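Okay, here's what each chain looks like letter by letter:
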Amino acid sequence: MLLRLKRIFKNLDYTLLLTIAAILCISFVVLKSATVNASIKYDTNYVLRQMIWAGLGFCAFFFVLVMDSSVFAGFERWLYGLNLLLLTSVLIFGKSVKGAQAWIPIGSIRFQPAELVKILMILSLAKYLSDRVGRLRTWGELIPAFLYVGIPLGLILMQPDLGTGLVYIAILFGMLVVAGASLPKILVLIGTGLGAVVLWITGHFLWGWWMPLKDYQLMRLVVFVNPDVDPRGWGWNIIQAKITVGSGGLWGRGWGQGPQTLNEFLPEQWTDFIFCVLGEEFGFIGAFVLLLLFFILVWRGIRIAGQAKDVYGSLVAVGVVSMIIFHILQNIGMAVGIMPITGIPLPLVSYGGNSLLANMIALGLLMNIHLYKEPFIL
Amino acid sequence: MWKESREKLVIKKRLQIYSAVIIMIFLALIGRVFWLQVIQEEIFVNKAENQSTRWITESAPRGEVVDRDGNTLITNRPVYNLTLNYLGLQDQDISQVVEELVQVLNDPEITVEAVQANIDSQTSRLYEPIVIKRDIPIETVIQLEERRRELPGLLIETSTQRSYIHGTVLGHLLGYVHSIKDELEDPAYENYGLGDLVGKTGIEKQYEFELKGTNGYRQVTVDANNHPIKEVSSLPSTPGCKLALTVDLDLQIVMENSFDRMMAGVQEKFPKAKAGAAVLLDVKTGGVLAMVSRPTVNPDEFNGKSLTQAQADYYFTQEPAAFTNRAIQGSYVPGSTFKPITGMAALTSGLLDPDEKITCSGRYWFKPYIKCTGVHGPVNYAQAMAKSCNVYFQEAARRAGISLIGQVGEEFGLGGRTGIDLPFEGKGLLPSITWQTIEYANRAEKINQRIDEKLAEFEAEYRPKINAAADEDEKKRLERQLKSKINTWEAERKIQLAYYTTWHDFDTYNTGIGQGYNQYTITQLAAYVAALANDGIYNTPYVVQTIYNSDGTVKEEHTADSRKVNVEEWIIQATREAMTNVTKPGGTAYSVFKNIPESIGVGAKTGTAQPGRTGYEKMKDFDGLFIAFAPADDPQIAFAGVMEFGNTGSGSVGQVAKDVFEYYFGITADTSPTANQVPAATPAGTPQGAADQNDAAAPADTENEVPDPAGSEVTDVIQSENPDQSPDNP
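Keeping their order, the protein sequence lines are chains L and B.
Take this note's numbering: the last position of the first sequence gets the number 378, and nothing is skipped along the way.
Take this note's numbering: the last position of the second sequence gets the number 1108, and nothing is skipped along the way.
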């Protein structure tokens, strides 16, 4: 046992581990100033809470290392079934406020299955695709793969949780690309998918087509195209996010000194708009450092995917990386006005226990794949 | 193993593509952040600053107004105002916001059209907030706060509103405030902005710049909801000055109540009696102790609000319109209250001795033989005054001549603005030589113009006919016709000019008994009586005694504006004595001041006037006027009043003088407000009233005979002096 621990610690990817720690430290610092008013108003120490969650996150992270994650490949159907069960239960028991992720109350904790189902999806989809690597060249092979993801995706959109749905799609495409699916077909799919969405929305507004999206979700897309349609309503967040980031300049306004942050021009800036706070107070330098750390994190992930002992491991790693990179793209992209607004947290930085815990488990899986890339003598 | 490695190859290859995509994503993000933060930094810094700092005008509390004893007349109370800040609406569909606002407010007054009109009227100054509604209830404030995000540009500001705590009491004199409008074009108002409230009438207008104070400013940072977070810099406001009036609130209330009781009584017999005014002056200083105008004005109904249709009708459309302050704006034919002026002019001329007896046989002996109020026999000055003898005063007028009457009238401030510190004061009309010169020139011009037009018409009619005449005879005949027409009209011109542009003897007689062209404001009459009572020292009437700075120090104390009337001392004394006879047995106002002991003594003069204005039936409708002062020996207070359609002076507004004097001198015997059945006690049919009424009968006769082409014009002039102060509504 001791030997095993020793081996584990000897073989850890410390670059990855230190990067995670560094990002968490940045998170605590930024959260502190983002919640200056809120911590008083709601009598909550957000930073301390986040630190506790980070501690629990590390526990989960190391717990994941205990055994080779490739065992999950054997439980594909169970994982997939659990996924569907969780999503169905959210539909039945879940609570949600406008736009936020649905949760199931467990005691005083709000359990957000959306964070966990992403990991379950990665673990089961990796098995599904690993059996088909190199064969995903025809529509006949591709369509079942889409259906495989499509069923849970449908349940997610029924909540409706557009953000998590988009993460699913990002994970699917990321893993498909690496699994050797036909690139032209994937490009065609992405193209027609986007085209269909645009056409559908246009049709909805011009001719009143039926639409599964709620009005607030549609407004987010509309104001993404032109925030000045509704500058104090739906366009508010887009406009304010840009002002907050942009006014930070090269060096930033200084920790706790950002007027936009102090006066809370962005709603719940400690969650989805945390990047804006960083941008305003630490400027381009701060934003660059964070992006660099994220890049290292992702880069290590891709490296791990390349060195995994089997295809399943590679695909799980790619799934995790895809999930994280999409969160980063979506969240930061939204803050700087190149992505529409969806409530997706910035991994490891945004306040929130569910998200942090899930990300630590996912990163634990990465580390796991790294650890078990060669058979241990255990 | 082979399959495995082949798969690994695929994955390795694809991971390269995957990595490329990820690098692109990172580059895009870094590039975008660089663009926003480094390249466009300035733009966003400016935007952040613009939206987080605000200049807030800290409007200064308007100065309070108190009476002479410090009783509050006008104060302020805190209110919420709803304003629309156009800046927040730049690219927004304003009508949508307005619609939503109208829906939330659910106020019949606030319609989409009304708000839009409000916005449109301010297009040149849109950077200033537009006041939608003042004094909104707290429930509405909460309702609006909840929907703030949906109503961009909407601001709820706290401010203070004027509180006219005594309602209609002193309403005309105090005036009211309302949104600034035409004043914005006046350079004196350069420091004002849209939505500011300014005094529109009364003290509020006259002392606007004292009451206003100086606005302060605060530069604050605000949060996303425009709530101020912290103050960056500030300049405190200076509250407006406090004004202490000369008015005595208790006396004012006595006068108001008395007037209402009197008016109610008079109305029983004369239903048209609905309007009137009265002024009580401090003889020694000219300070206004009380001022009443009927119908009443309640300043709070204006007070920055829109009038209801009923209110607008009441104030502006109905007859008599309540808006006018009849004490300073209404011009009234003085009737017999003018006789002391005639008397003083005659005594000044040296052609009349106060002891000389002139025999009254009921009718004056010169044309048009104006009737007297009775047959008085031989009367001296004092007796004639007591009886208001028309014969005596026509003879006095004849001896003095209109020039001297005019001079004495001017000496006593008649026919010109007194200069009281209230806006929109009327001028009145004294038919002095100066006035005649101007008036007759105007009339001559009109007559000439009319006849010239007529002549031109004939010329135009006949000239073509003459030119087109068939033969010489026809031509001559037509020329003769034209010539005869021209001659007729030239003769008419001479007659008309001779009649209308010359002062006739009967004009002097009419003027001498207070009829004819005479028209004065009640304040003028009061000031004239006060000067008479004050040994010929004329004090300009005034309302504001002291202006206090906001720190309580005195900024300005009223300085007396007095002058000696250029009438000999003994004449003034004789006239005062004569006027005390009016309240003695046999005088026309004897019954009025029965309760006031001989030791105090009152000088008075009643008046009944036939204004000859529209709405007055000849020989039937008379204004009742009354002037008085007391105590007789060392007068302290002077009164003048009018009751439109009051029939007699002593029977109407004289009763107000009685109540006020009795209150002032602390005489309470049978004058308790409830027991005081004023009009019943002295109905128009009592000997005094009857005498008084006859008083007017004579001039009424002459009115029938004397054509007065300017009569209606005079009325027009006076009416046009009423301020056009319609607030938003009418």
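To be clear, the hints were calculated from the coordinates, so they are not data collected in a lab.
Since we're looking at a predicted model, the values are computed, not measured.
For every residue, glycine included, the Cβ atom is placed at its ideal position computed from N, Cα and C.
Mixed in with the good hints there might be a few duds.
Here are a few chain L residues that sit away from chain B, every Cβ distance over 10 Å (derived from the structure) [to be verified]:
| no. | residue |
| --- | --- |
| 1 | Phe62 |
| 2 | Gly134 |
| 3 | Val149 |
| 4 | Asp215 |
| 5 | Trp236 |
| 6 | Leu250 |
| 7 | Trp255 |
| 8 | Phe265 |
| 9 | Leu315 |
| 10 | Val318 |
| 11 | Ile328 |
Per the computed footprint, the stretches of chain L lying under chain B, defined by three or more beta-carbons under 8 Å from a beta-carbon of chain B, are [what the hints assert, rightly or not]:
| no. | region |
| --- | --- |
| 12 | 121-129 |
| 13 | 350-364 |
A quick look at each hint next to the structure:
{"no.": "1", "hint": "Phe62", "in the structure": "27 Å, holds"}
{"no.": "2", "hint": "Gly134", "in the structure": "5 Å, violated"}
{"no.": "3", "hint": "Val149", "in the structure": "18 Å, holds"}
{"no.": "4", "hint": "Asp215", "in the structure": "14 Å, holds"}
{"no.": "5", "hint": "Trp236", "in the structure": "8 Å, violated"}
{"no.": "6", "hint": "Leu250", "in the structure": "5 Å, violated"}
{"no.": "7", "hint": "Trp255", "in the structure": "16 Å, holds"}
{"no.": "8", "hint": "Phe265", "in the structure": "4 Å, violated"}
{"no.": "9", "hint": "Leu315", "in the structure": "8 Å, violated"}
{"no.": "10", "hint": "Val318", "in the structure": "7 Å, violated"}
{"no.": "11", "hint": "Ile328", "in the structure": "7 Å, violated"}
{"no.": "12", "hint": "121-129", "in the structure": "violated (count 0)"}
{"no.": "13", "hint": "350-364", "in the structure": "violated (count 0)"}
Hints 2, 5, 6, 8, 9, 10, 11, 12 and 13 from the earlier list are contradicted by this structure; the remaining hints agree with it.
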